[in-house]
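S.K.: Chain by chain, the residues run as shown.
There are 2 protein chains.
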Amino acid sequence: MALCETASVAVGIDIGGQSSKIGIVDREGHILGRSVLPADGDTNPDDFVAKLAEAVRALIASCAPDSPIAGVGVGAPNANFYTGCISHAPNLPWANGKTVPFAQMLSWKLDDVPVTITNDANAAAMGEMKYGVAKDLKHFIEITLGTGVGSGVVVDGKILYGSDGFAGELGHSCVEMDGRQCGCGNRGCLEAYASATGVARTAREWLDSSDEPSSLRQLTKITSKDVAEAAAVGDALALRVFDYTGTILGTKLADFVHFSAPQAIVLFGGLARAGELIYAPTIKAMNARLLPIWKDKVKLLFSSLPESDAAILGASALVWA
Amino acid sequence: MALCETASVAVGIDIGGQSSKIGIVDREGHILGRSVLPADGDTNPDDFVAKLAEAVRALIASCAPDSPIAGVGVGAPNANFYTGCISHAPNLPWANGKTVPFAQMLSWKLDDVPVTITNDANAAAMGEMKYGVAKDLKHFIEITLGTGVGSGVVVDGKILYGSDGFAGELGHSCVEMDGRQCGCGNRGCLEAYASATGVARTAREWLDSSDEPSSLRQLTKITSKDVAEAAAVGDALALRVFDYTGTILGTKLADFVHFSAPQAIVLFGGLARAGELIYAPTIKAMNARLLPIWKDKVKLLFSSLPESDAAILGASALVWA
Numbered sequence: 383m384a385l386c387e388t389a390s391v392a393v394g395i396d397i398g399g400q401s402s403k404i405g406i407v408d409r410e411g412h413i414l415g416r417s418v419l420p421a422d423g424d425t426n427p428d429d430f431v432a433k434l435a436e437a438v439r440a441l442i443a444s445c446a447p448d449s450p451i452a453g454v455g456v457g458a459p460n461a462n463f464y465t466g467c468i469s470h471a472p473n474l475p476w477a478n479g480k481t482v483p484f485a486q487m488l489s490w491k492l493d494d495v496p497v498t499i500t501n502d503a504n505a506a507a508m509g510e511m512k513y514g515v516a517k518d519l520k521h522f523i524e525i526t527l528g529t530g531v532g533s534g535v536v537v538d539g540k541i542l543y544g545s546d547g548f549a550g551e552l553g554h555s556c557v558e559m560d561g562r563q564c565g566c567g568n569r570g571c572l573e574a575y576a577s578a579t580g581v582a583r584t585a586r587e588w589l590d591s592s593d594e595p596s597s598l599r600q601l602t603k604i605t606s607k608d609v610a611e612a613a614a615v616g617d618a619l620a621l622r623v624f625d626y627t628g629t630i631l632g633t634k635l636a637d638f639v640h641f642s643a644p645q646a647i648v649l650f651g652g653l654a655r656a657g658e659l660i661y662a663p664t665i666k667a668m669n670a671r672l673l674p675i676w677k678d679k680v681k682l683l684f685s686s687l688p689e690s691d692a693a694i695l696g697a698s699a700l701v702w703a
Numbered sequence: 383m384a385l386c387e388t389a390s391v392a393v394g395i396d397i398g399g400q401s402s403k404i405g406i407v408d409r410e411g412h413i414l415g416r417s418v419l420p421a422d423g424d425t426n427p428d429d430f431v432a433k434l435a436e437a438v439r440a441l442i443a444s445c446a447p448d449s450p451i452a453g454v455g456v457g458a459p460n461a462n463f464y465t466g467c468i469s470h471a472p473n474l475p476w477a478n479g480k481t482v483p484f485a486q487m488l489s490w491k492l493d494d495v496p497v498t499i500t501n502d503a504n505a506a507a508m509g510e511m512k513y514g515v516a517k518d519l520k521h522f523i524e525i526t527l528g529t530g531v532g533s534g535v536v537v538d539g540k541i542l543y544g545s546d547g548f549a550g551e552l553g554h555s556c557v558e559m560d561g562r563q564c565g566c567g568n569r570g571c572l573e574a575y576a577s578a579t580g581v582a583r584t585a586r587e588w589l590d591s592s593d594e595p596s597s598l599r600q601l602t603k604i605t606s607k608d609v610a611e612a613a614a615v616g617d618a619l620a621l622r623v624f625d626y627t628g629t630i631l632g633t634k635l636a637d638f639v640h641f642s643a644p645q646a647i648v649l650f651g652g653l654a655r656a657g658e659l660i661y662a663p664t665i666k667a668m669n670a671r672l673l674p675i676w677k678d679k680v681k682l683l684f685s686s687l688p689e690s691d692a693a694i695l696g697a698s699a700l701v702w703a
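Those protein sequence lines, which keep their order, are chains A and B.
Numbering-wise, my numbering comes out as the position in the first sequence, counting from 1, plus 382.
Numbering-wise, my numbering comes out as the position in the second sequence, counting from 1, plus 382.
Chain A on its own, in the form it takes in the complex:
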């Protein structure tokens, strides 16, 4: 009997505005090593890609020197799976206002190892399907409730990319035609209400427009975590903020179910940490709006991936897809 060949591993990279996280991940989702490349304001994509490739090589050398590299998966804002490009990403100075053929560039710098990229929300959905709570699901929608609202739609075990690779921008669904200003330039998008930022904004607006007592009044800057902590100890205004947010979120989730008939919706990201506070009003509103064929049948789940690892795991899952 021949000796086992060294099992191949994947590189997962999560590119963000503050830093890029790199991980070496085996097929079972064990992270064999991690490193972080802080953003240092590069405006030239060549410079950034060269530093990233160097960091990848260093990490491989330190924790998986003998393992064949099956490929590199990258999750990044405005990354397009079809084209391999990152376009007009305002938080990445090297990709702001331009289109960067990122996958191709990184592949060249890494001796032509295959590089696959997708946007961060799709990467989260990939990770959930490969290693998380969606392991046994072929139809689900992952909703990332962070600074914004991202989404990855999975249909029949595959990310829905649509005609151009950009499908699944559910955070910009319309909640209210003349509603709150959203970062996208439009008004009334889901993201303006059901993100961590949206929760803080609702609390601030309500505090400013009333004299209702609330422990949140003593804070100069309010985060969604503050609102969750206040709600957890019974602050009435904070509790209503979650009720309001969940009602909006659940209503839109019902729309999404009507579109792609998933088995479950998976919540991920900062606001999901609020647990029951966001779950209860969301599932109630979702079921209230679902057509009878789906009422009480579509699960609302929380991601089971550790938040610090999810992005790396999700990116690495692209390699094994």
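Hints in this document: simulated from the structure, not taken from any laboratory.
Model, not experiment: these values are computed from the prediction.
Incorrect hints may have been included.
Just so you know, same-sequence chains aren't split out, so a pair can sit in one copy or run between any two.
To be verified - Quick list of in silico lysine to any residue cross-link-like pairs, SDA-like style, CA-CA up to 20 Å:
1. Lys-433 <-> Asn-478
2. Lys-679 <-> Phe-548
3. Lys-681 <-> Gly-398
4. Lys-540 <-> Tyr-464
Given the structure of chain A, go ahead and fit chain B onto it with the hints provided.
M.R.: Frame of chain A; chain B shown alone:
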């Protein structure tokens, strides 16, 4: 050289509350023969299926006696592609309040010829893709604006059926949380506004709540066609009804684009006949809400299938899919 074999044909059936339409269709979409089976109130599915099978046999005998039958495609309300069942269809007395294994039953009655069923809106999308304006498209959404609002979502050349076969119920997306009562039991669904019925309802509500002069006042029963005719000759209220309806429709279409990133949206059915009256406000509202990556890029088209043939063509297209 051998003689050409007779080309096979498909049977397309459109089942409705008033009647069922049957057509024999060749691969190129030519309808070789048609017949209509009026509904006669059957409450037993066996009775209905027996009559339908007999009508199919008679039509084949009269117009394609020597052609091999490649299969039967059926479009029907609440028909499920995965299970072959028609469930709880209120307008079909033989399928009201129960689940009928329709495809299997009809296949048995027709000597085991394969029978494929789907709901009527999906059938319309199939027909559009095979024979209509979506011939060259792999990603589009067909919206049927009739008594209700139906939809068929096409992703990568295939109908999106989701986990259970019921995906694509876009008519029940939420326009306004506490809005108009919808036939589904909920409030504020798109169907309550942007259907032919919705247009007539808007006109009636506006006439009842104001003294504004309008040629529609002389009518006791208003249809969407009446509103379109009044708008066409400059009736201000009727024109505003279309503006209002199109604004709502376009806003929701943008949501749908954000979901599946189609190349086009195709409008079909009664309200689509209003042409420019519905097109202008709809495309304006859609583009106003689309993220920059899609603004002015997603086409809004009208179905190119003759309305009387669309259902039969769509159903028959299931056979060649």
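S.K.: Determine for every hint whether it applies to the structure shown.
M.R.: Quick rundown of the hints versus the structure:
In this assembly of identical chains, the alpha carbons of Lys-433 and Asn-478 lie at most 20 Å apart only when taken from the same copy (18 Å versus 65 Å across copies). Taking CA atoms no more than 20 Å apart as the test, Lys-679 paired with Phe-548 passes between copies only; the shortest distance there is 13 Å, against 29 Å inside one copy. When the C-alpha separation of Lys-681 and Gly-398 is checked against a cutoff of 20 Å, the pair qualifies neither within a copy, at 30 Å, nor between copies, at 33 Å. Taking identical chains as interchangeable, the C-alpha atoms of Lys-540 and Tyr-464 lie at most 20 Å apart whether they share a chain (14 Å) or sit on different chains (19 Å).
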